[in-house]
Every structure is written in structure tokens, then in C-alpha cells.
Amino acid sequence: MEELQNVLHMNGGEGENSYAKNSGQQKQVILKAKPFLQESIAELYNNIFPEDCMRFADMGCSSGPNALIPTWEAAEALYKVARKHNHKPPALQVFLNDLPGNDFNTVFKSLPSFYEKLKKLGKDHHDDHQDHESVLSCFIAAVPGSYYCRLFPPSFLHFVFSSSVSIGSLRYSCFVLKKQHFVPEGLISESGVPLYKKNICLTKTSPQGVCKAYLEQFEKDFTKFLKLRTEELVPGGRMVLTIGGNQSKEDSIKNYRPNVLELIGMELEAMVSEGIVEEWKLDAFNVPVYGPSFEEIQHVIEREGSYNINLLEKFDLSWDAGSVDINGDSSLDTRVKQVLKIVRSATEPILASHFGNSIMDDGMNEQMATP
Numbered sequence: 001m002e003e004l005q006n007v008l009h010m011n012g013g014e015g016e017n018s019y020a021k022n023s024g025q026q027k028q029v030i031l032k033a034k035p036f037l038q039e040s041i042a043e044l045y046n047n048i049f050p051e052d053c054m055r056f057a058d059m060g061c062s063s064g065p066n067a068l069i070p071t072w073e074a075a076e077a078l079y080k081v082a083r084k085h086n087h088k089p090p091a092l093q094v095f096l097n098d099l100p101g102n103d104f105n106t107v108f109k110s111l112p113s114f115y116e117k118l119k120k121l122g123k124d125h126h127d128d129h130q131d132h133e134s135v136l137s138c139f140i141a142a143v144p145g146s147y148y149c150r151l152f153p154p155s156f157l158h159f160v161f162s163s164s165v166s167i168g169s170l171r172y173s174c175f176v177l178k179k180q181h182f183v184p185e186g187l188i189s190e191s192g193v194p195l196y197k198k199n200i201c202l203t204k205t206s207p208q209g210v211c212k213a214y215l216e217q218f219e220k221d222f223t224k225f226l227k228l229r230t231e232e233l234v235p236g237g238r239m240v241l242t243i244g245g246n247q248s249k250e251d252s253i254k255n256y257r258p259n260v261l262e263l264i265g266m267e268l269e270a271m272v273s274e275g276i277v278e279e280w281k282l283d284a285f286n287v288p289v290y291g292p293s294f295e296e297i298q299h300v301i302e303r304e305g306s307y308n309i310n311l312l313e314k315f316d317l318s319w320d321a322g323s324v325d326i327n328g329d330s331s332l333d334t335r336v337k338q339v340l341k342i343v344r345s346a347t348e349p350i351l352a353s354h355f356g357n358s359i360m361d362d363g364m365n366e367q368m369a370t371p
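Residue numbers (the UniProt record's numbering): 1 to 371.
None of these hints come from the bench; they were simulated from the model.
Quick reminder that beta carbons are idealized off the backbone N, C-alpha and C, glycines included.
Please note that a few of the clues may not be correct.
To be verified - Pairs of lysine-lysine residues, derived as BS3-like cross-links and limited to a Cα-Cα distance of at most 25 angstroms, are as follows: (1) K80 <-> K119; (2) K179 <-> K34; (3) K34 <-> K119; (4) K88 <-> K119; (5) K224 <-> K314; (6) K178 <-> K34; (7) K34 <-> K120; (8) K227 <-> K314; (9) K27 <-> K109; (10) K120 <-> K88; (11) K84 <-> K120; (12) K178 <-> K224; (13) K32 <-> K314; (14) K179 <-> K220.
Said to hold, decoys possible - Pairwise CB distance ranges (calculated): (15) F49 <-> K120: 23 to 31 angstroms; (16) K34 <-> E295: 22 to 30 angstroms; (17) K120 <-> K34: 14 to 22 angstroms; (18) S113 <-> K281: 36 to 44 angstroms; (19) S113 <-> L311: 25 to 33 angstroms; (20) I276 <-> E231: 43 to 51 angstroms; (21) P112 <-> A270: 40 to 48 angstroms; (22) P207 <-> D52: 50 to 58 angstroms; (23) S113 <-> G209: 47 to 55 angstroms; (24) P154 <-> L311: 22 to 30 angstroms; (25) I48 <-> K281: 47 to 55 angstroms.
Starting from the given sequences, assemble the full structure and let the hints guide the process.
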């Protein structure tokens, strides 16, 4: 399979199967975190007051209409808190980060309308004293690269936002922190046989060794993420993270409930039986997704030791949350088709890189749509 960072991205463009047209659930996750993001921006302003410029990074911004929502929320909060103190709002310098394969061009196309909306910020908040100096300046740039690497100079960022929507997750944890993904190793037996054979992801029936390997890889990766951000954040800087996962540690490992990835695995197995997919390709395929529990996330944060947890929240969402059918059709068939589009927008790049570009048209959609 290709290098993961080259294929771990959503479907680009603005077509029917694009992430831009099928990211309603992800939008709901971002909106759930809005009050925490805006409250943290206000606290940050009050505590360290960056007079000239606040530097904000959205890590894992993806593409489509959701990409600029956190930036807008940050700009709105910064403008409101500055005006509350009768200060000129500092400039907001925004860095949109995702892997190099992300469709940044779609994001850039939406910048003109974003800047037009920004010009109206004072009017929307009834600022009768708004002048040419009080309109918030916002400068947006893309920073392609893995957030498991250093992306910024030391003590550079004031705020980091990251909304991690794991494929198949319905439960989410939101953490507000203050500063004070790869396939796990150990998934191959000594004889070279994959321990997860015929399972493309972690399931309830996965061997204990596979569960342990996924948990250890999550702890390693998340610890690395936190340490890197520790170097990049200024003292007193903030992070707001939303992470898709499971309700408890017991739920994560022993009672890992069926999800969309497991259904994809079953359909791939059916395609092997029909001769559409070669068995060795299925055995060699693995989606590097682990849904950590609330306790597992909290444990890593506390063990890393660089952050205070100012606030934490848990919430659930359905798979088709945020999907609006223009005809008002909420039938099961319509909802299934909508979920299939969501799944395709999120999984097609990694499936196509391993099984070939025609995998979705060779029967995957038809298989999954069959009750």
C-alpha cells in the first residue's frame, strides 16, 4: 500500500461523492466544540493579550465548507472580546494544516466569500463605532504536512484547534487544554501471518494482541502530538481537541461495537468470495483507526504533563447527523444512500490506493446498499 500520508485524505473536489458534499456529521462535531473554542479564545486574550497578532492553527482542517468554520469562530470570538475591552482587535494569523494530499484548492476558492463575511463582522455585532482600524484583519495560509511532525517554530502559536472525526465513530470527547496515524507495530505473527486477517480494522473479535497494539500505537502517537504542540505553543497557549472514540475503556476493547469500517470489511470479504477482490489483498489491508475511550485520552494528556485540562465534554452523534435531504425524505433507503456517500467520501482514497481505482464501482456501493 502507498505511504499512508499520501492516501489518508478525503475525496477532493465538489462532486456528488466529495467530502465537501458529504461532511454534515463533521460539521456537527465542529459546532459542538464552538462554545469551548470561543470561551478559550476569550480567556487567552484576557490572560496573555497578544497585542498585534494572535496565531491560530487548525490541524486536520480537511476541505470543503467545514474547513473555515473554526477560523470564523475564532475570528468572531477575538473580535467580540477585544471590543468588550475597547481595544483594537489584534490580527488573526491562521494556519490550515492537513496532509499534502488534502484538497486545499477547494478551501482557497472559498476565501473571497469568507473575507466578505469578515468585513460584516462589526455590523453583525451592532458595532456603531466601527472604523477602518477596528475591522479584524485575518491572514490565512496552508501548512501541508503531518501533525506528527514539527510544523512551526518554538513558542510560536497561541491557539491550536483539532477536530479528529474517526471513521465509524459516533461518540466524541472534547478537551480544552492549557499549556503548563500509522498502522501499529506488532500486528504480524512470527510466521508472517497478519493477526487481523480478514478484519480491516479493530473489531470485537480481534485478538488481544491486536487490541493492545492499537492502544499502544494511539498512546505513542497522541503523546507525540502533545509534545510537538508543547514546543510550538507559547506559555499559556490553548488547545481545543475533539476526538472520535468510545464511551469507556471497556467499550474500546472488549465491547467494541460494529461500525462502518467493519461493514466495509464484510463487503470486501464478500467481494473476495465472488472473485472481484484477491484474497491476499484483503489480508494485507488495514485501516489505521483506533477509537480511544475518554479515559484513555485523559490518561495520555495527564501522563505527558505539559497541559492543564480546563474543560472536558462528551457527546454522541448519529452517522447521518447534519445531513439534510432537500426533499425532506427521511426514509431508511434515503438515509442509507446518504451514509454511503459519507463513507465513500472518507474512505475511497485509501481503498483505491490498495485495491485499485475501480473498487467503489466494482460492487462496493451495491454490496453495502443491500440489506
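Structure-based check of each hint:
no. : hint                              : in the structure
1   : K80 <-> K119                      : holds, 14 angstroms
2   : K179 <-> K34                      : holds, 20 angstroms
3   : K34 <-> K119                      : holds, 21 angstroms
4   : K88 <-> K119                      : holds, 15 angstroms
5   : K224 <-> K314                     : holds, 23 angstroms
6   : K178 <-> K34                      : holds, 17 angstroms
7   : K34 <-> K120                      : holds, 20 angstroms
8   : K227 <-> K314                     : holds, 24 angstroms
9   : K27 <-> K109                      : holds, 19 angstroms
10  : K120 <-> K88                      : holds, 16 angstroms
11  : K84 <-> K120                      : holds, 18 angstroms
12  : K178 <-> K224                     : holds, 17 angstroms
13  : K32 <-> K314                      : holds, 10 angstroms
14  : K179 <-> K220                     : holds, 19 angstroms
15  : F49 <-> K120: 23 to 31 angstroms  : holds, 26 angstroms
16  : K34 <-> E295: 22 to 30 angstroms  : holds, 25 angstroms
17  : K120 <-> K34: 14 to 22 angstroms  : holds, 19 angstroms
18  : S113 <-> K281: 36 to 44 angstroms : holds, 43 angstroms
19  : S113 <-> L311: 25 to 33 angstroms : holds, 32 angstroms
20  : I276 <-> E231: 43 to 51 angstroms : holds, 48 angstroms
21  : P112 <-> A270: 40 to 48 angstroms : holds, 46 angstroms
22  : P207 <-> D52: 50 to 58 angstroms  : holds, 55 angstroms
23  : S113 <-> G209: 47 to 55 angstroms : holds, 50 angstroms
24  : P154 <-> L311: 22 to 30 angstroms : holds, 26 angstroms
25  : I48 <-> K281: 47 to 55 angstroms  : holds, 52 angstroms
Hint check: no violations occur; every hint is consistent with the structure.
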